[in-house]
Amino acid sequence: MLTKEQIAQRIAKEVKNGQYINLGIGIPTLVANYIPSDLDVVLQSENGLLGIGPFPTEDKVDPDLINAGKQTITLAKGSALFNSAESFAMIRGGHVHLTILGAMEVSENGDIANWKIPGKMVKGMGGAMDLVASADNIIVAMQHCSKNGESKLLPNCDLPITGIRCVKKIVTDLAVLEISTEGGFILLERAPGVSVEEIKSKTAGKLIIAGDIPEMKF
Amino acid sequence: MINKTVKNAQEAVADIPSNSMLMMGGFGLSGIPENCIAALLERDINGLTIVSNNAGVDDFGIGLLLKKHMVKKMISSYVGENAEFERQLLSGELEVDLIPQGTLAERVRAGGAGIPAFYTPAGVGTEVAIGKETRVFEGKTYLLEQWLRADFSIVKAWKGDTAGNLIFKGTARNFNPIMATAGKVCIAEVEELVPAGELDPNQVHTPGIYVQRIFQGKDYEKRIEQRTISQ
Chain Z
1 MLTKEQIAQR
11 IAKEVKNGQY
21 INLGIGIPTL
31 VANYIPSDLD
41 VVLQSENGLL
51 GIGPFPTEDK
61 VDPDLINAGK
71 QTITLAKGSA
81 LFNSAESFAM
91 IRGGHVHLTI
101 LGAMEVSENG
111 DIANWKIPGK
121 MVKGMGGAMD
131 LVASADNIIV
141 AMQHCSKNGE
151 SKLLPNCDLP
161 ITGIRCVKKI
171 VTDLAVLEIS
181 TEGGFILLER
191 APGVSVEEIK
201 SKTAGKLIIA
211 GDIPEMKF
Chain V
1001 MINKTVKNAQ
1011 EAVADIPSNS
1021 MLMMGGFGLS
1031 GIPENCIAAL
1041 LERDINGLTI
1051 VSNNAGVDDF
1061 GIGLLLKKHM
1071 VKKMISSYVG
1081 ENAEFERQLL
1091 SGELEVDLIP
1101 QGTLAERVRA
1111 GGAGIPAFYT
1121 PAGVGTEVAI
1131 GKETRVFEGK
1141 TYLLEQWLRA
1151 DFSIVKAWKG
1161 DTAGNLIFKG
1171 TARNFNPIMA
1181 TAGKVCIAEV
1191 EELVPAGELD
1201 PNQVHTPGIY
1211 VQRIFQGKDY
1221 EKRIEQRTIS
1231 Q
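One line per chain: the protein sequences are Z and V, in this order.
So the first sequence is residues 1 to 218, counted in my numbering.
So the second sequence is residues 1001 to 1231, counted in my numbering.
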């Protein structure tokens, strides 16, 4: 089973040179720590920044520089600032190449639910609905099962959905999976020491297994 | 140049009536109009509808207006981090419209730009789409969303001049420039107010045409929600 850091590390291998990338809050934020330094990529922050730099040292903290998670940040070399309408114009307009976000549930046709649990306090969707409605390449980072052991990879989402038919790939603590265009989770890789049988037993949606499934490499 | 200067926050918000619709710039607590919020707290008004991406925290920002029961309705994209907000929402004292952040931004932009409605892919197939018109363009479904306009928009900039031209700093820009365009009256508070002619016109983010009142604010706290430090 992978730790959160290892999930982030595996997702970082999907990043390609020259990409503009939006990272969601949680595990996706950690991906930035594992992007190889020889790749030139630009991280987008939906509150109005292209080019997120590292967290500041104590003397460089600026309340006028935060990311979408409201954390203090710095500007990377060559960054640009803009307003919220422009930020989502670049998201909806398809200019951001890769979106990585967390999820509560993903369905076998690529629907995602990550904003609301009925009966609990609703905090809002933030920018998630705009991101998933527009991005060509969406990778989900999440645990394979919920805290009480139920599969989060389902035939259909039970929770209110954030977007339909949008997820391309999922990296969990157990596996890397791709959404088939005909529906179903294609098993691509398994976490070190995790068997195909275990993944099968913990995937409620249709799992597609073709040939030998390799272990992830780091 | 038309002089837009008012004396202070008290004068800027003095005629905002109960039950009016306000827009307030800011993302989290970054770039919020701190001085105008403090001045509104001194006013005996209520029933406000506030368009703002977030709703502040319990003891700062819009959270202060909520605590004083001045707000009837929030139109926002994300409202976590606020226990009093949650209490009022669950007890039915407060109404909330949750809107995808990009749709919120574009509705405000459209309001300022005279575009009554537009189609967006955000929210298709979700609760957000309920009751809304959809249309297919080139094989993909889009939702019809309408503009947002306010009686007063209240924004915070870094620098401004007496003609109402504004320059923002860092990610404190966020919703401020678009909200400036979408209020019948736009009130701008700035950290530094200079005479018209002293800002470089090449650097102006918001042209003064959108701004009706401007003043230099004071004692900015600029509270940080998540102080995150590199080791």
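Among these hints, one or two may not hold up.
Label-pair distances were calculated between CB atoms; the ranges are [as the list claims (entries may be wrong)]:
| hint | chain 1 | residue 1 | chain 2 | residue 2 | range |
| --- | --- | --- | --- | --- | --- |
| 1 | V | 1207 | Z | 93 | 57 to 65 angstroms |
| 2 | Z | 16 | V | 1042 | 48 to 56 angstroms |
| 3 | V | 1131 | Z | 3 | 40 to 48 angstroms |
| 4 | V | 1207 | Z | 150 | 27 to 35 angstroms |
Selected chain Z positions facing chain V (Cβ under 8 angstroms, derived; list incomplete) [as the list claims (entries may be wrong)]:
| hint | residue |
| --- | --- |
| 5 | 50 |
| 6 | 54 |
| 7 | 63 |
| 8 | 64 |
| 9 | 69 |
| 10 | 91 |
| 11 | 120 |
| 12 | 134 |
| 13 | 143 |
| 14 | 145 |
| 15 | 147 |
| 16 | 151 |
Listed below are the simulated BS3-like cross-link pairs for lysine-lysine, each with C-alpha atoms no more than 30 angstroms apart in a straight line [claimed, not checked]:
| hint | chain 1 | residue 1 | chain 2 | residue 2 |
| --- | --- | --- | --- | --- |
| 17 | V | 1132 | Z | 168 |
| 18 | Z | 77 | V | 1159 |
| 19 | V | 1067 | Z | 123 |
| 20 | Z | 147 | Z | 123 |
| 21 | V | 1218 | V | 1073 |
| 22 | Z | 60 | V | 1073 |
| 23 | Z | 77 | Z | 60 |
| 24 | Z | 116 | V | 1218 |
| 25 | Z | 123 | Z | 200 |
| 26 | V | 1072 | Z | 60 |
FYI, nobody ran anything at the bench for these hints, they're computed from the structure.
All figures in this text were calculated on a predicted structure; none of them were measured in a lab.
We treat Cβ as the ideally placed atom computed from N, Cα and C, and that holds for glycine.
For each hint, the structure was consulted:
{"no.": "1", "hint": "1207/V <-> 93/Z: 57 to 65 angstroms", "in the structure": "24 angstroms, violated"}
{"no.": "2", "hint": "16/Z <-> 1042/V: 48 to 56 angstroms", "in the structure": "55 angstroms, holds"}
{"no.": "3", "hint": "1131/V <-> 3/Z: 40 to 48 angstroms", "in the structure": "44 angstroms, holds"}
{"no.": "4", "hint": "1207/V <-> 150/Z: 27 to 35 angstroms", "in the structure": "54 angstroms, violated"}
{"no.": "5", "hint": "50", "in the structure": "11 angstroms, violated"}
{"no.": "6", "hint": "54", "in the structure": "5 angstroms, holds"}
{"no.": "7", "hint": "63", "in the structure": "4 angstroms, holds"}
{"no.": "8", "hint": "64", "in the structure": "4 angstroms, holds"}
{"no.": "9", "hint": "69", "in the structure": "6 angstroms, holds"}
{"no.": "10", "hint": "91", "in the structure": "6 angstroms, holds"}
{"no.": "11", "hint": "120", "in the structure": "10 angstroms, violated"}
{"no.": "12", "hint": "134", "in the structure": "6 angstroms, holds"}
{"no.": "13", "hint": "143", "in the structure": "21 angstroms, violated"}
{"no.": "14", "hint": "145", "in the structure": "24 angstroms, violated"}
{"no.": "15", "hint": "147", "in the structure": "20 angstroms, violated"}
{"no.": "16", "hint": "151", "in the structure": "22 angstroms, violated"}
{"no.": "17", "hint": "1132/V <-> 168/Z", "in the structure": "27 angstroms, holds"}
{"no.": "18", "hint": "77/Z <-> 1159/V", "in the structure": "24 angstroms, holds"}
{"no.": "19", "hint": "1067/V <-> 123/Z", "in the structure": "18 angstroms, holds"}
{"no.": "20", "hint": "147/Z <-> 123/Z", "in the structure": "21 angstroms, holds"}
{"no.": "21", "hint": "1218/V <-> 1073/V", "in the structure": "28 angstroms, holds"}
{"no.": "22", "hint": "60/Z <-> 1073/V", "in the structure": "37 angstroms, violated"}
{"no.": "23", "hint": "77/Z <-> 60/Z", "in the structure": "15 angstroms, holds"}
{"no.": "24", "hint": "116/Z <-> 1218/V", "in the structure": "39 angstroms, violated"}
{"no.": "25", "hint": "123/Z <-> 200/Z", "in the structure": "33 angstroms, violated"}
{"no.": "26", "hint": "1072/V <-> 60/Z", "in the structure": "39 angstroms, violated"}
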